[in-house]
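2 protein chains.
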Amino acid sequence: MDRLTLYGSFTSSSSYKAMLYLALAGLPFSFRTAFSFRTVNLKTGVQKTPEYLAVNRWGVVPSLRHRGLTILQSNVILDYLARETGHFEGRTEQQRWQAREWLSWEADHITYVAKVRHSARFRASHPETIAEYRPRAEAALAVVDKIVQSQPFLVGDYCTIADIGCWGRMVFMAEGGFELANWSHLEAWAGRLKAMPGFALPYELIPSKDREFDPV
Amino acid sequence: MDRLTLYGSFTSSSSYKAMLYLALAGLPFSFRTAFSFRTVNLKTGVQKTPEYLAVNRWGVVPSLRHRGLTILQSNVILDYLARETGHFEGRTEQQRWQAREWLSWEADHITYVAKVRHSARFRASHPETIAEYRPRAEAALAVVDKIVQSQPFLVGDYCTIADIGCWGRMVFMAEGGFELANWSHLEAWAGRLKAMPGFALPYELIPSKDREFDPV
Chain A
221 MDRLTLYGSF TSSSSYKAML YLALAGLPFS FRTAFSFRTV NLKTGVQKTP EYLAVNRWGV
281 VPSLRHRGLT ILQSNVILDY LARETGHFEG RTEQQRWQAR EWLSWEADHI TYVAKVRHSA
341 RFRASHPETI AEYRPRAEAA LAVVDKIVQS QPFLVGDYCT IADIGCWGRM VFMAEGGFEL
401 ANWSHLEAWA GRLKAMPGFA LPYELIPSKD REFDPV
Chain B
221 MDRLTLYGSF TSSSSYKAML YLALAGLPFS FRTAFSFRTV NLKTGVQKTP EYLAVNRWGV
281 VPSLRHRGLT ILQSNVILDY LARETGHFEG RTEQQRWQAR EWLSWEADHI TYVAKVRHSA
341 RFRASHPETI AEYRPRAEAA LAVVDKIVQS QPFLVGDYCT IADIGCWGRM VFMAEGGFEL
401 ANWSHLEAWA GRLKAMPGFA LPYELIPSKD REFDPV
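Chains as they are written, first to last, in our numbering: chain A, 221 to 436; chain B, 221 to 436.
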């Protein structure tokens, strides 16, 4: 397998999504995979330098390089990795499309969890804006909570990129004032993810220093 | 080819994206395609009825049914149709992923154009929220404007699902107070799309009555 390089930041839930996938799939630790993580220091604006813009036209994290391809946008990266490696894909054609639907849905809805957290942690939005975002975030969490009440994972009995993408985007929810314990089925689902080999939280998984990291 | 059924609404830019794809690909008018459009009347809440929730778990439009599969979320529908029919796919592997990246990006950014329009047309957001959304919408339009200054379409020389998805989401921009003429390269790009055989605007393309529509 060709070298995988992931560009990201330890404060970015989007970067975590891709990194968590790789960790759960065991790819960075496989003897066949040469893996590099490269921190893009968002505080100092590395994402807007010409060097990084040559990787990512929008100047955001994460970006993946593999087999001479550059793949951008966290959900596209998850789809690419699932198709490419077979890990965490749906088992039937319908389930593979369902997993992609959940990723698209999370970008429309769980994004509000990330936006409220972003406002609390980095740059405050107007209180009236947060007053619109917060109930949308809570509604999105309630949708996930309800689905995983009757089935272990979002598309059925096993973990797919849908779970990794949705969990990854909501991982910093406590920083936005959302308590996992308020959604008991969601909390149990997160527990199932946390019990999987390779699982880690962002600050354990992603190096925080602005240097190249290579676990191989 | 098996029957294609699209569920949507003529006021929904997401429905338009799927419908425009089909029109540009000529699929509803192909002798091989049995096509139905079914209006989901959003005003009377048809999208939240048990019958429609059995099609679309989130109670939104559009939904596509084809070959016994149900495909939700407009950008997933575009990806599905491109993979399935070959129309408006990228030509190289990198371009196919790039087209999907643009769809993911439009859901993050051109969505603000749709949100401002939704507030103006259907249900007003707080003015402070719109004050945050409008510059983000304008920034997204500027990104597209800049890209199509140096190339005819978003991933290169030819139209892909990236163009159909980005244009489709911004089609009602005038209702949000965004004048196409303010972005001259974007306007020229829209002109290239409008010159393609099969192109139509939403109100010409999607039946407005709450009845089943079958052009075949």
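Treat the hints as calculated values from the structure; they're not laboratory data. Model, not experiment: these values are computed from the prediction. Be aware that a few hints might be false.
Because identical chains cannot be distinguished in the list, a pair is counted as satisfied if it fits within a single copy or across any two copies.
[As the list claims (entries may be wrong)] Here are the computed lysine-lysine pairs in the DSS-like style, where the Cα-Cα straight-line distance is at most 30 Å:
{"no.": "1", "residue 1": "Lys-268", "residue 2": "Lys-335"}
{"no.": "2", "residue 1": "Lys-268", "residue 2": "Lys-414"}
{"no.": "3", "residue 1": "Lys-263", "residue 2": "Lys-366"}
{"no.": "4", "residue 1": "Lys-335", "residue 2": "Lys-366"}
{"no.": "5", "residue 1": "Lys-366", "residue 2": "Lys-268"}
Comparing the hints with the structure gives:
For the homomeric pair Lys-268 and Lys-335, the shortest alpha-carbon distances inside one copy (21 Å) and between copies (27 Å) are both at most 30 Å. In the homo-oligomer, the alpha carbons of Lys-268 and Lys-414 never lie at most 30 Å apart, since the shortest distance is 34 Å inside one protomer and 34 Å across protomers. For the identical chains of this complex, Lys-263 and Lys-366 are inter-copy neighbours only, at 26 Å across copies versus 37 Å inside a copy, given an alpha-carbon limit of 30 Å. For the homomeric pair Lys-335 and Lys-366, the shortest alpha-carbon distances inside one copy (22 Å) and between copies (26 Å) are both at most 30 Å.
In the homo-oligomer, the alpha carbons of Lys-366 and Lys-268 lie at most 30 Å apart only across protomers (16 Å), although the nearest pairing inside one protomer, at 40 Å, exceeds that limit.
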